[in-house]
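Line order of the protein sequences matches chains L and S.
Everything in the first sequence is counted per my numbering, starting at 1 for the first residue and increasing by one.
Everything in the second sequence is counted per my numbering, starting at 343 for the first residue and increasing by one.
Simulated from the structure, these hints should not be mistaken for laboratory data.
Be aware that one or more of the hints could be misleading.
Mimicking BS3-like on lysine-lysine, the simulated pairs with C-alpha atoms at most 25 Å apart in a straight line are [unchecked claim]:
| no. | chain 1 | residue 1 | chain 2 | residue 2 |
| --- | --- | --- | --- | --- |
| 1 | L | Lys-122 | L | Lys-112 |
| 2 | L | Lys-217 | S | Lys-420 |
| 3 | L | Lys-72 | S | Lys-420 |
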Amino acid sequence: MKLKLDKKNFIPFLQSLMDEYDLFAPVQLAEGVSVYKKIDQPEEVDLSIANPQKPAKEIFFPQSETMFRYEKAGKESRITSTEEIKRNRILLGARPCDIQAFSLIDHVFAGKDYTDTYYVNKRKATTIIGMGCDHPLSTCFCSSLNGGPFHREGSDLFLIDLGESYLVELLTEKGMAFQKNKFLEEANEKEISMAKGIEGKATEKVKPSIPVNGIEKKLDQMMESPYWDRVQEKCLGCRVCTYLCPTCHCFDIMDEARTNKGRRVRNWDSCLSSLYSQETSGHNPRPTNRERTRQRLMHKFNYFPRNFDRIACVGCGRCTLYCPAHFDIRQTIKEIQEGSDK
Amino acid sequence: MSNPYFPIPAVVKKALVETSDRMLRTLELRFLKDEDAQAFHFVPGQFCELSLLGKGEAPFGIASSPTENGSLKFTINKAGVVTTALHHIEEGTEVGIRGPLGNGYPIDLFQGKNVLVIGGGFAFTTLRSLVTYFLHPQNRNKVKDITVIYGARTPGLLLYKEELAEWAKRSDIRLVVTVDQGDKDWKGKVGLVPNVLEEAAPAAENTYAVICGPPIMIKFTFPKLMALRFPNERIYTSLEKRMKCGIGKCGRCNIGHLYVCKDGPVFSYAQLEKLPKDY
Chain L
1 MKLKLDKKNF
11 IPFLQSLMDE
21 YDLFAPVQLA
31 EGVSVYKKID
41 QPEEVDLSIA
51 NPQKPAKEIF
61 FPQSETMFRY
71 EKAGKESRIT
81 STEEIKRNRI
91 LLGARPCDIQ
101 AFSLIDHVFA
111 GKDYTDTYYV
121 NKRKATTIIG
131 MGCDHPLSTC
141 FCSSLNGGPF
151 HREGSDLFLI
161 DLGESYLVEL
171 LTEKGMAFQK
181 NKFLEEANEK
191 EISMAKGIEG
201 KATEKVKPSI
211 PVNGIEKKLD
221 QMMESPYWDR
231 VQEKCLGCRV
241 CTYLCPTCHC
251 FDIMDEARTN
261 KGRRVRNWDS
271 CLSSLYSQET
281 SGHNPRPTNR
291 ERTRQRLMHK
301 FNYFPRNFDR
311 IACVGCGRCT
321 LYCPAHFDIR
331 QTIKEIQEGS
341 DK
Chain S
343 MSNPYFPIPA
353 VVKKALVETS
363 DRMLRTLELR
373 FLKDEDAQAF
383 HFVPGQFCEL
393 SLLGKGEAPF
403 GIASSPTENG
413 SLKFTINKAG
423 VVTTALHHIE
433 EGTEVGIRGP
443 LGNGYPIDLF
453 QGKNVLVIGG
463 GFAFTTLRSL
473 VTYFLHPQNR
483 NKVKDITVIY
493 GARTPGLLLY
503 KEELAEWAKR
513 SDIRLVVTVD
523 QGDKDWKGKV
533 GLVPNVLEEA
543 APAAENTYAV
553 ICGPPIMIKF
563 TFPKLMALRF
573 PNERIYTSLE
583 KRMKCGIGKC
593 GRCNIGHLYV
603 CKDGPVFSYA
613 QLEKLPKDY
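The task is simple: from the sequences and hints, build the whole structure.
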């Protein structure tokens, strides 16, 4: 079903969402610093940000998250759970790359052996309002990885910016619940065809260009390749690529103690850190950047596909855009595929 | 939906320093709630995350056997923050347990076969679980000959000395204990595990070998097993890597596409041969 939202009604529309849900949307924190965060005032929402710096994974898998709180009394202790989600949520304005990433990390967190209740509870409680990416960046290559700037999979509703208004598509049962929202009106033919034009233009801009097919097999033979020496030469080990990656899901668990009270907390971690795999004995199976950069790329393009039959990259381009050493993952993919095994 | 990150409360029933250097301490834990004890089913070779609130968590192989009802044993090497704290707690202190985690030894495969257990130093913990399991009257018929070769640097560094003495008295297990360097009271064997293995190993035919020890011991023992014609499919070991979640999510303990915490920690050499040398 296709509806539209007049931009004049944007703020009241957001308010109507916030009356029923906790709203999460892109916000500009400072110039050049943009994140998805919980919205307190509808005016904070900024849908004009091309693709926020920090990926939307943070809504389900926060950078730092309390796992439980505890209180000790003598030799005994009491644990208080923090995993329950009390109010349903809306994630508004996420781009198709970040939304596709959810379907990848779902395999990890909702895995068949153990369910990560923190992630899954939030995921289940959330309605996703995706948004057409009408100004893809030069670093974007989502269409090479089964996605696209207007890829709708994973969205319950989908917005397309028409200038004066948004076209609002209701895509799932969760999405259809918004049919009765008083700020949404029926879209006319002209608006629908305008949206098609915008979609066509954006899609034209991000044509499949990066050859990912068969990369898993190529990497099978490359564990001991001298190629990794070249890859690591450029890497500063700053880890920004992993933190800003919508599919990176590694975390550390630690306790924070304050006298007899405290909490267990998990924080994003990165395979590019030397401490990540450093054992207490001092032994480190990945002692240099060579093994660590290899782990990052192997995990995305070989190990993950072996386990879940999908490449753990959505082509959002953040790792390339924000790398201080201008490491371009598209170039790496090409080199691996061309067998630049040197 | 149960939360796999919640520690189940248990209490330290007994604590015992195992070795002369005082670096190894065995904790006997008992669940606080009966229903938790009843719901806990494990096989030898599995591990748990033990947690001390405010200090953190660390993974430890279960040293007791499922046949020893009522409590769980863990032998802890004092090395980092959590292990040091676990060395300092008193009997009666509450400890959290998450588990059992990992796959454990393939005891079903061992049915009707001989079992050769090779251990070194403080890596003997889950091997103790395995041997104790098969020595139980209910399980002794499941396997044929049991041979245990256990070595430590010095007599004082051997774990479970009382039990080793018990096993030595039995006729249904062949126990060879060796030390790299004896002392004035030591009347047993002196020699490195790989060399002792050469003399004491049973025929490879119909035998599974399970080996756990420091990397250097494994490095020199493995070629001896090959020379004795043990096929890779019948040699098992238990690996350690830095771990956090223990359930295949936090990422760090992978070897290739497998996670030591979830797909291991027990692997056959046939499996390891196919994996990158990333451990």
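Outcome of the hint check:
no. : hint                       : in the structure
1   : Lys-122(L) with Lys-112(L) : holds, 18 Å
2   : Lys-217(L) with Lys-420(S) : violated, 43 Å
3   : Lys-72(L) with Lys-420(S)  : holds, 24 Å
Of the numbered hints stated above, the single one contradicted by the structure is hint 2.
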